[in-house]
Amino acid sequence: KAGVTQTPRYLIKTRGQQVTLSCSPISGHRSVSWYQQTPGQGLQFLFEYFSETQRNKGNFPGRFSGRQFSNSRSEMNVSTLELGDSALYLCASSLVTGTAGELFFGEGSRLTVL
Amino acid sequence: AQKITQTQPGMFVQEKEAVTLDCTYDTSDPSYGLFWYKQPSSGEMIFLIYQGSYDQQNATEGRYSLNFQKARKSANLVISASQLGDSAMYFCAMRPNNAGNMLTFGGGTRLMVKP
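Chains H and X, in that order, give the protein sequences.
Position 39 of the first sequence, counted from 1, bears residue number 113 in this note's numbering, the numbering being contiguous throughout.
Position 23 of the second sequence, counted from 1, bears residue number 146 in this note's numbering, the numbering being contiguous throughout.
The reader is advised that the hints may include incorrect statements.
Restraint-style ranges between C-beta atoms, simulated for each label pair [unchecked claim]:
1) H:104 - X:151: 52 to 58 Å
2) X:233 - H:176: 32 to 38 Å
3) H:176 - X:138: 25 to 31 Å
4) X:143 - H:82: 36 to 42 Å
5) H:83 - X:180: 21 to 27 Å
6) H:113 - X:220: 41 to 47 Å
7) X:207 - H:145: 35 to 41 Å
8) H:186 - X:207: 29 to 35 Å
Quick list of in silico lysine-lysine cross-link-like pairs, BS3-like style, CA-CA up to 30 Å [claimed, not checked]:
9) H:131 - X:139
10) X:126 - X:193
11) X:196 - X:126
12) X:237 - H:131
13) X:126 - H:131
Covered stretches of chain H, as calculated for chain X (at least 3 residues, CB under 8 Å) [said to hold, decoys possible]:
14) 107 to 117
15) 127 to 139
16) 160 to 167
Rather than coming from a laboratory, the hints here were simulated on the basis of the structure.
Note that the Cβ used here is the ideal one computed from N, Cα and C, for glycine as well.
Chain H on its own, in the form it takes in the complex:
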């Protein structure tokens, strides 16, 4: 079966712009989580959505936002981009939230901010 699909895979933006990243979870999965990976800070949790509701949020400024649609697809948005937002953004999906079991990741969207 198809895995977690993230688009776009690579993108370049300039400071001040905004960006929207998309994540399609594995079919049937209702939980989608987003993570940021940078060389300096490592992997950090951004937020989780389950059944179109934000369930958890990490310690990121309000410029980072997300949403989930009724088909479980999720988008995250970063407004007023800063150089430090350059990172690999990873999306993960699971059947449900907060129970034992696997969390499957996509290949990520690599954002470069110039």
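Since chain H is already given, all that's left is putting chain X on it; use the hints.
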């Protein structure tokens, strides 16, 4: 708050040998899950193995096994019979069972398999 420590930034292992990647964690939550992921240079995080804090037996998945020592708060990954394709970054992560899918990751260990 949770903390994951991976003390080995990089490791070499000879092909076909076994290797242990260390992971210690700190949490006050009584119920939690521990994960190991592999990240090749492509960037995708590949799920390897999961251990619940109340599981009595150590988890195993093919060539991967998790050496879970709850009292010592360690969850080391053992890879048996290393293959060249095992060269990658390996991340240990944990999730309290009351925190949805909010994982806390360690800093990772880069494993390099020598032919």
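Quick rundown of the hints versus the structure:
1. H:104 - X:151: 52 to 58 Å: violated, 29 Å
2. X:233 - H:176: 32 to 38 Å: violated, 23 Å
3. H:176 - X:138: 25 to 31 Å: The hint (25 to 31 Å, Cβ to Cβ) holds, given that residue 176 of chain H and residue 138 of chain X are roughly 28 Å apart.
4. X:143 - H:82: 36 to 42 Å: holds, 38 Å
5. H:83 - X:180: 21 to 27 Å: Violated - the Cβ-Cβ distance for residue 83 of chain H and residue 180 of chain X, about 39 Å, lies outside 21 to 27 Å.
6. H:113 - X:220: 41 to 47 Å: Taking Cβ atoms as reference, residue 113 of chain H and residue 220 of chain X lie about 31 Å apart, which means the hint is violated.
7. X:207 - H:145: 35 to 41 Å: holds, 40 Å
8. H:186 - X:207: 29 to 35 Å: holds, 30 Å
9. H:131 - X:139: Cα-Cα ~42 Å, so violated.
10. X:126 - X:193: holds, 15 Å
11. X:196 - X:126: holds, 11 Å
12. X:237 - H:131: Not satisfied, since the Cα-Cα distance of roughly 41 Å exceeds 30 Å.
13. X:126 - H:131: Roughly 17 Å between the alpha carbons, so the hint for residue 126 of chain X and residue 131 of chain H holds.
14. 107 to 117: The restraint on the segment 107 to 117 of chain H holds, since 4 of its residues have a Cβ under 8 Å from chain X and three suffice.
15. 127 to 139: holds (count 3)
16. 160 to 167: holds (count 3)
Checked against the numbered hints above, the structure breaks hints 1, 2, 5, 6, 9, 12 and satisfies the rest.
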